[in-house]
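Asks: Given next are the chains, with one letter for each unit.
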Amino acid sequence: MDMSNHPLLSSMDEPPPFPPSHPHLRRLDRSVVCQICKEPFQAPVSIGCGHSFCSSCIRSSLDVMKKCPSCNEPALEGQIRRNRALEEITDSWEESRPIIYELAQPPPTKKRRASIQESNSKPSSSSGTKRLKPNSSREGSGSRSQSPIKSRRSDDGDHNSLNGNGEMEDEEDDEVQELTENDEAPCPICQATLPISSIPLHIEKGCPPPKTKTNGNGVGGRKGNQKADWKKVFSGQGLGGKSKDKEVEMKRITKPNYSLATPADLRSILSEYSLPTTGDKPTLIARVQEWIILFNSNLDTSHRSSLSALRAKLSDSENSKKRDKEKGKDEMVNQLGSKDGLQKYAKEKKGEFERLRKEIIERDRKRREQEEGKGRGRDNAIEVE
Amino acid sequence: MSGLPKRILKETERLMADSPPGISAAPKDDNLRHFDVTVAGPESSPYEGGVFKLELFLPEEYPMNPPKVRFLTKIYHPNIDKLGRICLDILKDKWSPALQIRTVLLSIQALLGAPNPDDPLANDVAQNWKENQSAAIAQAREWTRQYAQ
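Sequence order for the protein chains is A and B. With the working numbering applied, the first sequence closes on residue 385, and no number is skipped along the way. With the working numbering applied, the second sequence closes on residue 1149, and no number is skipped along the way.
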């Protein structure tokens, strides 16, 4: 039952929750989380009932059911409004969270410091945080592009000025200062060496191998022509792509009526945004739907992704869905394709085969006994099926 | 690895770290969308003392579509049929992506504590429940003893 070592679960990167001694901070932490993806809001929007979600989350949800996921009130896509205040709150909370998290920690065990912090950390939960918060969020909004390392430094700085102490922290500070964004460091999770500035994103993506940049083209894509098609999309982005991006109108896409739209209609939408137009109608519909969600929700945020980034996302999600579906089957087919694979499979499943064989023998024996005893062949015939 | 949404990983981790009382859920090794679940019968219900096995599957569209849940242990309950299928609104039309595995399992546990014979799935059980409640409860208790202990 212990799954803590599972390779898929170990890739998790969860910021630690606030201790239960700070219920108000826990509440604040929860309040910037989308109820659909359970992550901090990205491109938050509100709907008619006043509940807010990530734009792409609520758009996907409304594609399936026309009601609010939180209160079940009827809701329509037309009600979606960008919530700029919530975006600002989420962003600044995300930036100040590490600072406040550190302030909310119980005092360290070191005796001398413990006594100093003891007196400091109690007010820090109430007045202390309040004093610091406007300060840090001002800093935060001015330095959105700062690397986490830098903002941690400013965090330590604040800490020092508040506590007025701290040899240890000074030491830490020095160490941190020596590193710059361009230095490389091992990822704390998978140990792959990466530029420091790219580590948070790398972890966010679940620790892909460092060659992530080629991933967009390389992943999955079993059907040759579709894969080639995506490749074309990406290779075009260097030269022709950029000028094309400018042609694309940054206006919400109106959804087509999927039951009436012909494959040609769908293809024309896709080609308008330089997307692959291969596949049957269900594939095209799925691609258009996903693209509209990505594209429209990208308009609901001030941190917009480029069109090529959106295309990469679309390709990734298409590939991963396909992989999910074909995964089991394909692995099996590949394995069984070679003679070695077949033998290996037989070896691995030896116990299972043996069990099945015994079961069948046992069943046949029972059946024979029954037949001899009662001679009711018909029931048994059904049982065989 | 990118196939499994972060939300599912997160839910799984929390479920295993801190599962609600009387409920356990763990994904299978080979398929992280497929969970083995056990639910303890609620106190002062005919299912008290029983531990019921269920399977839960998160479809590709989860959380936009509800998880699929089924009892594997035989149970005498008006809203659960002999194939283990469950009649519960949040598993069907009342599903919302704001719900999660935890809330679904808690609802199923609550359903054991409050059978609803007016919205039956197992007709014979529901009829028995309405016509002769004490006999039905005795039967449920007997099945719990027989199959869930």
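Watch out, some of these pointers could steer you wrong.
[Claimed, not checked] Straight-line distance between alpha carbons at most 30 Å, and here's what the computed BS3-like set of lysine-lysine pairs gives:
no., chain 1, residue 1, chain 2, residue 2
1, A, K321, B, K1068
2, A, K255, B, K1130
3, A, K358, A, K232
4, B, K1006, A, K38
5, A, K255, A, K358
6, A, K313, A, K205
7, A, K227, B, K1006
8, A, K38, A, K67
9, B, K1082, A, K321
10, B, K1082, A, K322
11, A, K66, B, K1006
12, A, K205, B, K1006
13, B, K1082, A, K358
14, A, K66, A, K366
15, A, K366, B, K1082
16, A, K281, B, K1092
17, A, K67, B, K1074
18, A, K205, B, K1010
19, A, K358, A, K38
20, B, K1130, B, K1028
21, A, K38, B, K1092
22, A, K38, B, K1082
23, A, K251, A, K232
24, A, K313, B, K1010
25, B, K1010, A, K66
26, A, K38, A, K321
27, A, K67, B, K1130
28, A, K232, A, K281
29, A, K67, B, K1094
[Stated by the list, open to error] Reference listing, derived: stretches of chain B covered by chain A, where coverage requires no fewer than 3 residues with Cβ under 8 Å from a Cβ of chain A:
no., stretch
30, 1007-1017
31, 1056-1068
32, 1139-1148
[What the hints assert, rightly or not] A short list of chain B residues far from chain A (calculated; beta carbon distances all over 12 Å):
no., residue
33, G1049
34, K1082
35, L1083
36, D1093
37, K1094
38, W1095
39, S1107
40, L1111
If you're looking for bench data, these hints aren't it; they were derived computationally from the structure. If you're wondering where the values come from, they're calculated on a predicted model, not measured in any experiment. For each residue, glycine too, the CB sits at the ideal point set by N, CA and C.
Asks: Next step is simple, just say for each hint if it's right about the structure.
Replies: Hint check results:
1. Between K321/A and K1068/B the alpha-carbon distance is near 19 Å, which keeps this suggested pair within the 30 Å criterion.
2. With a C-alpha separation of about 49 Å, the suggested pairing of K255/A with K1130/B is violated against the 30 Å cut-off.
3. Proximity of K358/A to K232/A is assessed by CA-CA distance (about 55 Å); at most 30 Å being required, the pair is judged violated.
4. For the given pair, K1006/B sits about 9 Å from K38/A by alpha-carbon distance, which is consistent with the 30 Å threshold.
5. Restraint check: the Cα-Cα separation between K255/A and K358/A comes to about 58 Å, which exceeds 30 Å; the hinted pair is violated.
6. Distance hint between K313/A and K205/A is fulfilled; the C-alpha atoms sit about 12 Å from each other, no more than 30 Å.
7. Pair hint K227/A plus K1006/B holds up; C-alpha atoms about 25 Å apart against a cutoff of 30 Å.
8. A threshold of 30 Å between alpha carbons decides the hint, and for K38/A with K67/A the separation of about 18 Å falls inside it, so the pair holds.
9. Under the criterion of a C-alpha separation no larger than 30 Å, the hint pairing K1082/B with K321/A is inconsistent with the structure, at around 33 Å.
10. At roughly 34 Å between alpha-carbon atoms, K1082/B and K322/A are farther apart than 30 Å, so this suggested pair is violated.
11. With a C-alpha separation of about 25 Å, the suggested pairing of K66/A with K1006/B holds against the 30 Å cut-off.
12. Between K205/A and K1006/B the alpha-carbon distance is near 9 Å, which keeps this suggested pair within the 30 Å criterion.
13. About 28 Å separates the Cα atoms of K1082/B and K358/A, which keeps this hinted pair within 30 Å; it holds.
14. Taking the CA atoms of K66/A and K366/A, the gap is about 56 Å. The hint is violated against a cut of 30 Å.
15. Among the hinted pairs, K366/A with K1082/B is consistent with the structure: their alpha-carbon atoms are about 26 Å apart, no more than 30 Å.
16. Pair hint K281/A plus K1092/B holds up; C-alpha atoms about 27 Å apart against a cutoff of 30 Å.
17. Distance hint between K67/A and K1074/B is unfulfilled; the C-alpha atoms sit about 35 Å from each other, more than 30 Å.
18. A threshold of 30 Å between alpha carbons decides the hint, and for K205/A with K1010/B the separation of about 14 Å falls inside it, so the pair holds.
19. For the suggested pair K358/A and K38/A, the alpha carbons sit about 48 Å apart, so the restraint of at most 30 Å is broken.
20. A C-alpha spacing of about 39 Å is found between K1130/B and K1028/B, which places the hinted pair above 30 Å, so the restraint is violated.
21. In summary, the hint linking K38/A to K1092/B is supported, as the alpha carbons are separated by about 21 Å, within the 30 Å threshold.
22. Only pairs whose Cα atoms come within 30 Å are accepted, and K38/A paired with K1082/B is rejected, the gap being roughly 35 Å.
23. This hinted pair checks out: K251/A and K232/A have alpha carbons roughly 25 Å apart, not beyond 30 Å.
24. Distance restraint check for K313/A and K1010/B: the Cα-Cα separation of roughly 21 Å lies within the 30 Å cut-off, and the hinted pair is therefore satisfied.
25. A threshold of 30 Å between alpha carbons decides the hint, and for K1010/B with K66/A the separation of about 26 Å falls inside it, so the pair holds.
26. Between K38/A and K321/A, the direct Cα distance comes to roughly 21 Å. Compliance with the 30 Å bound is thereby established for this hinted pair.
27. With a C-alpha separation of about 35 Å, the suggested pairing of K67/A with K1130/B is violated against the 30 Å cut-off.
28. For the proposed pair K232/A and K281/A, the alpha carbon gap of about 21 Å is at most 30 Å, so the pair holds.
29. Taking the CA atoms of K67/A and K1094/B, the gap is about 10 Å. The hint holds against a cut of 30 Å.
30. Counting residues of the stretch 1007-1017 of chain B whose C-beta lies closer than 8 Å to any C-beta of chain A gives 7; at least three are required, and the coverage claim holds.
31. Counting residues of the stretch 1056-1068 of chain B whose C-beta lies closer than 8 Å to any C-beta of chain A gives 5; at least three are required, and the coverage claim holds.
32. Counting residues of the stretch 1139-1148 of chain B whose CB lies closer than 8 Å to any CB of chain A gives 0, so the stated coverage by that chain is violated, three being the minimum.
33. Residue-level check passed: G1049/B sits 22 Å from the nearest beta carbon of chain A, beyond 12 Å.
34. At the 12 Å boundary, the C-beta of K1082/B stays outside the reach of chain A, the nearest C-beta of that chain being 18 Å off.
35. Non-interface call for L1083/B relative to chain A: holds, since the shortest CB-CB distance, roughly 18 Å, exceeds 12 Å.
36. At roughly 9 Å, the least C-beta separation between D1093/B and chain A is not larger than 12 Å, which violates its mark as non-interface.
37. Interface exclusion of K1094/B from chain A breaks down, the closest Cβ pair being 7 Å apart, not more than 12 Å.
38. Residue placement check: W1095/B does not keep its beta carbon more than 12 Å from all beta carbons of chain A (closest about 8 Å).
39. Non-interface call for S1107/B relative to chain A: holds, since the shortest CB-CB distance, roughly 15 Å, exceeds 12 Å.
40. Once the 12 Å rule is applied to beta carbons, L1111/B is consistent with being away from chain A; the minimum gap is 19 Å.
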